Amino acid sequence: MFKKVSKIFIIIFITNLVLGCSNPVTEPQDTTTENKMYVYSNSGRTFYLIDYKTFEVVKEIKLNVPDTVSVDGMTLSTNRDYLIFAAQGSFPNPSTGFAVYNIEKDKLESLFFTELNYGIGYFIAAENESEPGLIYTHFRDFGTYSIDLFEQKVKELISDEHGFDLSKRIYNSPDGKWTVVMKNYAELEFYLSSSGLHNLQFTLNKNDADSISIYDFEFSNNNKLFITYQLSDGRSRDIESYFGSYDLETKHLYRSSLKFPWSLNPYYTAYNSTRNEVYTIGAYDKFYVIDTDSYEIVDTVTLTGKITGPSQILITPGEDIAFVACPNNNSIYVIDLNERKLKKTIYVNEPYNMIIP
Amino acid sequence: MKTLKIFLALLFLFLLSTQDGYSWERKKTLKELTNSAPLIVYGKVLEVIPKYEEYLGQKDFIITYVKFSVQTFLKGTGAEQILTIKVTGGQIGDKVIGGERSFPFTKNEEVLLFLSPTENNFYEVYSISGKLTAVANNEGKYLDCSLLKEDDVSKYEPDSLIKSEKIISRIEDYLKLEGGK
Chain A
1 MFKKVSKIFI IIFITNLVLG CSNPVTEPQD TTTENKMYVY SNSGRTFYLI
51 DYKTFEVVKE IKLNVPDTVS VDGMTLSTNR DYLIFAAQGS FPNPSTGFAV
101 YNIEKDKLES LFFTELNYGI GYFIAAENES EPGLIYTHFR DFGTYSIDLF
151 EQKVKELISD EHGFDLSKRI YNSPDGKWTV VMKNYAELEF YLSSSGLHNL
201 QFTLNKNDAD SISIYDFEFS NNNKLFITYQ LSDGRSRDIE SYFGSYDLET
251 KHLYRSSLKF PWSLNPYYTA YNSTRNEVYT IGAYDKFYVI DTDSYEIVDT
301 VTLTGKITGP SQILITPGED IAFVACPNNN SIYVIDLNER KLKKTIYVNE
351 PYNMIIP
Chain U
1001 MKTLKIFLAL LFLFLLSTQD GYSWERKKTL KELTNSAPLI VYGKVLEVIP
1051 KYEEYLGQKD FIITYVKFSV QTFLKGTGAE QILTIKVTGG QIGDKVIGGE
1101 RSFPFTKNEE VLLFLSPTEN NFYEVYSISG KLTAVANNEG KYLDCSLLKE
1151 DDVSKYEPDS LIKSEKIISR IEDYLKLEGG K
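Protein sequence lines, in the order shown, are assigned to chains A and U.
Heads up: the first sequence begins at 1 in this note's numbering, then just goes up one per residue.
Heads up: the second sequence begins at 1001 in this note's numbering, then just goes up one per residue.
Since the hints were derived computationally from the structure, they do not count as laboratory data.
Predicted model, so just to flag it, every value in this text is computed and none were measured.
From the three backbone atoms N, C-alpha and C, an ideal C-beta is built for every residue, glycine too.
Heads up, some of the hints might be wrong.
Said to hold, decoys possible - Within a straight-line C-alpha distance of at most 30 Å, the following computed BS3-like cross-link-like pairs (lysine-lysine) qualify:
id	chain 1	residue 1	chain 2	residue 2
1	A	K286	U	K1044
2	A	K183	A	K107
3	A	K259	U	K1163
4	A	K286	U	K1163
5	A	K183	U	K1051
6	U	K1044	A	K36
7	U	K1107	A	K62
8	U	K1163	U	K1176
9	U	K1086	A	K183
10	U	K1095	U	K1141
11	U	K1044	A	K59
To be verified - With beta-carbon atoms standing in for the labels, derived distance ranges:
id	chain 1	residue 1	chain 2	residue 2	range
12	U	G1099	A	N117	43 to 53 Å
13	U	D1173	A	N117	19 to 29 Å
14	U	I1049	A	I158	50 to 60 Å
15	A	D81	U	I1049	29 to 39 Å
16	U	S1036	A	I158	43 to 53 Å
17	U	T1106	A	T300	52 to 62 Å
18	U	D1173	A	N102	30 to 40 Å
19	U	K1155	A	D238	15 to 25 Å
20	A	E151	U	P1038	47 to 57 Å
21	U	F1061	A	R235	45 to 55 Å
22	A	I307	U	P1038	20 to 30 Å
23	U	G1057	A	N93	14 to 24 Å
24	U	D1094	A	N117	23 to 33 Å
25	A	D291	U	E1053	42 to 52 Å
Looking at chain U on its own, in the form it has when it is part of the complex (with noise of 0.2 Å):
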C-alpha cells in the first residue's frame, strides 16, 4: 500500500514536472497540429446539441453535437459548408462530463478547429490543442493559444492572447513548406 501512495505520488510530480502538465494526452505545438490535422478551418459555432448516449459501455453518457459554419478552410477542403463535430462530455441540466477532450462551446463562438473526421459525417478535434478561441476587442482579433504546446518561435506565456492574423500568417507558412491545400 505505501508503495503504491509513493508510485502515485512520483507519478504525480513526473506529471506535474512537465510541459504538458497532468494531461494524459500531449499538447502539440502549432506546427505538429498544422501538419497532422486533415482540417483546419475557422468560423462560428451555429449550434450546440448535447445529447444522452451510450459510450464506452456506459450508459446515460453525454455526446455533445456541435454544428458549426465554415468560414475559412485553411487545410483540406470539404463540400460542406457546415460541420457537426462530435465532443465527448457536454452537460445537460447540472450533469456535466468532462475529459480531456470535453471542449466546451457556446452558440456563436468564433474559433480557429484542427479537426479530423470520425463516422457518419462528424468530425472530432484532432488533438487536445486542437481549439483557438477568437477573442476580439478594440485592437482587432485575437486566438486563445493556451491549449497549444509552446516551440521556439510561439510563446504563450504570460499572455495566451495571439492576434489571430500571426496565427493564421504561421500556419499558411508551415503549410507552404509542406506544399498544397
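Bound conformation, chain A alone (with noise of 0.2 Å):
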C-alpha cells in the first residue's frame, strides 16, 4: 500500500515538475522595489510589478473589483501616480467605468462607473497639469470623451466623429506639447496639449497623401517624428516593412533604405534620446538597433526562443536596458543595450503592456 502512494506521489511531483519546466513563471521574490515597472496581460484583474534593475518579479496584484466587472488595459496617469484600467459592467449594455490603482499606496483606490453604457474604448492621460485626472477615450459607435478620473464624471463629448472604418488612438508627445491623434493607422492629428483636443495644428499624411499606414512612431529631441511602416495600397504586403522620419517643421516625410521583413503585427517602436537610436520589432525574433543619424542598422539582436506574435518594448530611465514583451510565450526579453545582447528572460502571464512610472 506504502509503495503504491509513493508512486502515485512521485509521478505526481514529476508531472508537476515537467509541465512546470515548459511553462515557468518567475517567482515573486519581495514585496516592493524602488525600481518600479508594471506588467500586465492587458485584461483581467492580475498584473505584476517587476524590479527593472534586477529584473526580478517582486509580486503579483491582483485587483479587489466584483466578479461582475470585467478589467481591460492599462495606462499611467498625467502625474504619474496611479495606474488607470477601463472597467465595464454586465452585458448587454456595460457601462463604461474605470479602476484606478494607487502606487505608493499599493492599492486599488477607486472603482467607478459613468453614465455611458459604451463598454470599453482605447483610453490614455490627457496629461494636463491642471486636470491630472483627466484621460481622453474613444468608442468606435460613440466619439471621442474626455473622463476626470478624481471627479468621477464625463466632462466632454470632444468629437462625435466615429465609425466603423474610423480607428483612433492617441498619444502624448514626451515634451508635453503635442497630443497626437492616429485615425486609421494613417493620418496624424497634431494638436496643442493644453488645448484639450480642440486646437488641431496640423496633420501629417492627410488623405493618405504619403500612401503609408503607420505601424509606430516615436518623438525625437530634434523635432523629428520616426516612423515604422507599410505602404497603404498593399503593395508591400507579405514583403517588406519601412522605417522612416517625418521633418516637424517642413511635415516632409523621408524615406530611409531601411527595410524589413513583412510583418503582420506592428513594428513596434522606442526611442533612446542618450544614443540617438530607435529600436524597433515586428513579429518575429529579431531586434533591430537603427541609428538615428545615419538611417542604419547598427545592430541586431536575437531573442531565441521568442515567437511569433506582438512585441511591445520599453526602455528603462537610464535608457540603458530594452524589454521586449512577448505574452504568446509568457516572456520578457531584456536586452543590454550596452552590450547589445540578451541579458535575461523574465516569465510572467502573457506580458503585454509594460509601465515604468
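Fit the two chains together into the complex; they arrive one by one in their own frames, and the hints show the way.
Written out as C-alpha cells, the structure reads:
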C-alpha cells in the first residue's frame, strides 16, 4: 500500500516538475521595490510588479473588483502616480468605468462607473497638469470623450466623429507639447496639448498623401518623428516593412532605405535620446538597433525562443536596458543596450503592456 | 396535406443535394470571406458570457458575449485589442439555444475570425463560415476549415485541418489582389 502511494506521489511530483518547466513563471521574491515596472496582459485582474534593475518579479497584484466587473487595458496617469484600468459592467449595456490603482499606496483606490454604457474604449491620460485626473477615451460607435477620474464624471464629448471604418488612437509627445490622434493608422493629427483636443495645428499624411500605413512612431529630441510603416496600397504586403521620419517643421516624409521583413504585427518602436537610436521589433525574433543619424541598422539582437506575435518595447529611465514583451510565450526579454545582447528572460503570464512610472 | 409532405420532402432532398447541406445561409469560400468581411483577426477567447435577453420578441433568449483578445489584425484595423463579439444563442445551465450562427466559443480557444461591426461597439461573426478554430499538435498550428465552402484551390475533405500559415498566406494573397489592408 505504502509503495503504491509513494509511486503515485512520485508520478505527481515529476508531472508537476515537467509541466512547471514547460511554462515557467518567475516566482515573486519580495513585496516592493524602488525600481518599479508594471506588466499587464491587457485583460483580467492580475498584473505584475517587476524590478527593472534586478529583473526579478517582485509580486503579483490582483485588483480587488467585483466578479461582475471586467477589466482591460492599462495606462499611466498624468502625474505618473496612478495606474488606470478600464472597467466595464454587465452586458448587454456594459457601463463604462475605471479602476484607479494608487502606486504609492499599493492599492486599488477607486472603482467607478460613468453614465455612459459604451463598454471599453481606447483610453490615455490627457497629460493636462491642471486636471491630472483627466483622460481621453474613444469609442468606435460613439466618439471621443474626456473623463475626469478624480471627479469621477464625464467632462466633455470632444468629438462625435466615429465609425467602424475610423479607428482613433491618442498619444502624447514626451515634451508635453502635442496630443496626437492617429486615424486609421494613417493620418496623424497634431493638437496642442493645452487645447484639450480642440486646437488642431496640422496633419501629417493627410488624406493618405504619403501612401503609408503607420505601425508605430516616436518623437525625437530634434523635432523629428520616427516611424515604422508599410505601404497603404498593399504593395508591400507580404514583402517588406519600412522605417523613415517626418520633419515636424517641413512636414516632409523622409523614406530611408531601411527595410525589414514583412510583419503582420506592428513594428513597435522605442526611442533612446541618449544614444540617438530607435529600437524596433515586429512579429519575429529580431530586435533592430537603428542609428537615427545615419538611418542604418547598427545592430540586431536575436531573441532566442521568441515566437511569432506582437512585441511592445520599453526602455529604462537610464536608457541602458530594453524590455521586449512576448505574450505568446509568456516572456519578457531583457536586452543590454551597452553590450547589445540578451541579458535575461523574465517569465510572467502573457506580458503585453509595460509601464515604468 | 399530401402535397405539402411531398413539397417538404423535395425541399429536404434539394437542400441535402447542395454543398451547403441543409444550412439556410450559404457557406462562403475563403476568398469570398476575405474579400467581403470587414475585419479578419487572429487571437484568443478571454471570456464567454451568456446572458438572458429578449430577442426578436422571444423572452429569455440567450445571447452570448465573447471577449476576444486580438493578436493580429489581418484585415481592417481597430483601436481596440480587445473586442466583444455578440453571438445569438448559447447555453445557461441546462438551457441551450442554438442556430446556424450560434458559434460555440470556449475560454482560451485560439481562433481566426471574420467579423463585422454591429451596434454599441460589438462585433458579430460575419458568416456561418466565419470561425476557424486553431488546433495545435506537435507539428504546429492548424485551423479547422470545416465551415468553409470548398473552391478550386481549397479542399477541406476528408481532413479539414489546414496549417494556419497556409490559410493566413492565402488570405494575404487575396488581400494583395484586393490592394491594401
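Results of checking the hints against the structure:
Of the pairs offered as hints, the one joining A/K286 and U/K1044 holds, with about 24 Å between alpha carbons and a cut-off of 30 Å not exceeded. About 35 Å separates the Cα atoms of A/K183 and A/K107, which puts this hinted pair outside 30 Å; it is violated. Under the criterion of a C-alpha separation no larger than 30 Å, the hint pairing A/K259 with U/K1163 is consistent with the structure, at around 28 Å. This hinted pair checks out: A/K286 and U/K1163 have alpha carbons roughly 24 Å apart, not beyond 30 Å.
Proposed proximity of A/K183 and U/K1051 is contradicted: the alpha carbons are some 34 Å apart, above 30 Å. This hinted pair checks out: U/K1044 and A/K36 have alpha carbons roughly 29 Å apart, not beyond 30 Å. Simply put, U/K1107 and A/K62 have alpha-carbon atoms about 20 Å apart, close enough for the 30 Å limit, and the pair holds. A hinted pair counts as satisfied when its Cα atoms are at most 30 Å apart, and U/K1163 with U/K1176 qualifies at roughly 20 Å.
The hinted pair formed by U/K1086 and A/K183 meets the criterion: a straight-line CA distance of about 26 Å does not exceed 30 Å. Simply put, U/K1095 and U/K1141 have alpha-carbon atoms about 33 Å apart, too far for the 30 Å limit, and the pair is violated. About 26 Å separates the Cα atoms of U/K1044 and A/K59, which keeps this hinted pair within 30 Å; it holds. Checked against the hint of 43 to 53 Å, the C-beta distance between U/G1099 and A/N117 comes to roughly 27 Å, which is inconsistent with it.
Judged by the Cβ atoms, the range 19 to 29 Å given for U/D1173 and A/N117 is violated: they are separated by roughly 41 Å. Taken as a hint, the range 50 to 60 Å is violated for the pair U/I1049 and A/I158, whose Cβ atoms sit roughly 30 Å apart. At about 33 Å, the CB distance of A/D81 to U/I1049 agrees with the hint of 29 to 39 Å. Take U/S1036 and A/I158: their Cβ atoms lie about 34 Å apart, and the range 43 to 53 Å is violated.
Roughly 39 Å separates the CB atoms of U/T1106 and A/T300, a value that falls outside the hinted 52 to 62 Å. Evaluation of the 30 to 40 Å hint for U/D1173 and A/N102 yields a failure: the beta carbon distance comes to about 51 Å. About 23 Å separates the C-beta atoms of U/K1155 and A/D238, a value consistent with the hinted range of 15 to 25 Å. The hinted range of 47 to 57 Å is not satisfied by A/E151 and U/P1038, whose Cβ atoms lie roughly 37 Å apart.
A hinted range of 45 to 55 Å holds for the C-beta pair U/F1061 and A/R235, which are about 47 Å apart. Remark: the range hint 20 to 30 Å for A/I307 to U/P1038 is upheld by a beta-carbon distance near 28 Å. For U/G1057 paired with A/N93, a C-beta distance near 19 Å keeps the hint of 14 to 24 Å intact. Between U/D1094 and A/N117 the C-beta distance comes to about 30 Å, which sits within the given range of 23 to 33 Å.
Range check, A/D291 to U/E1053: about 57 Å between beta-carbon atoms, so the 42 to 52 Å window is missed.
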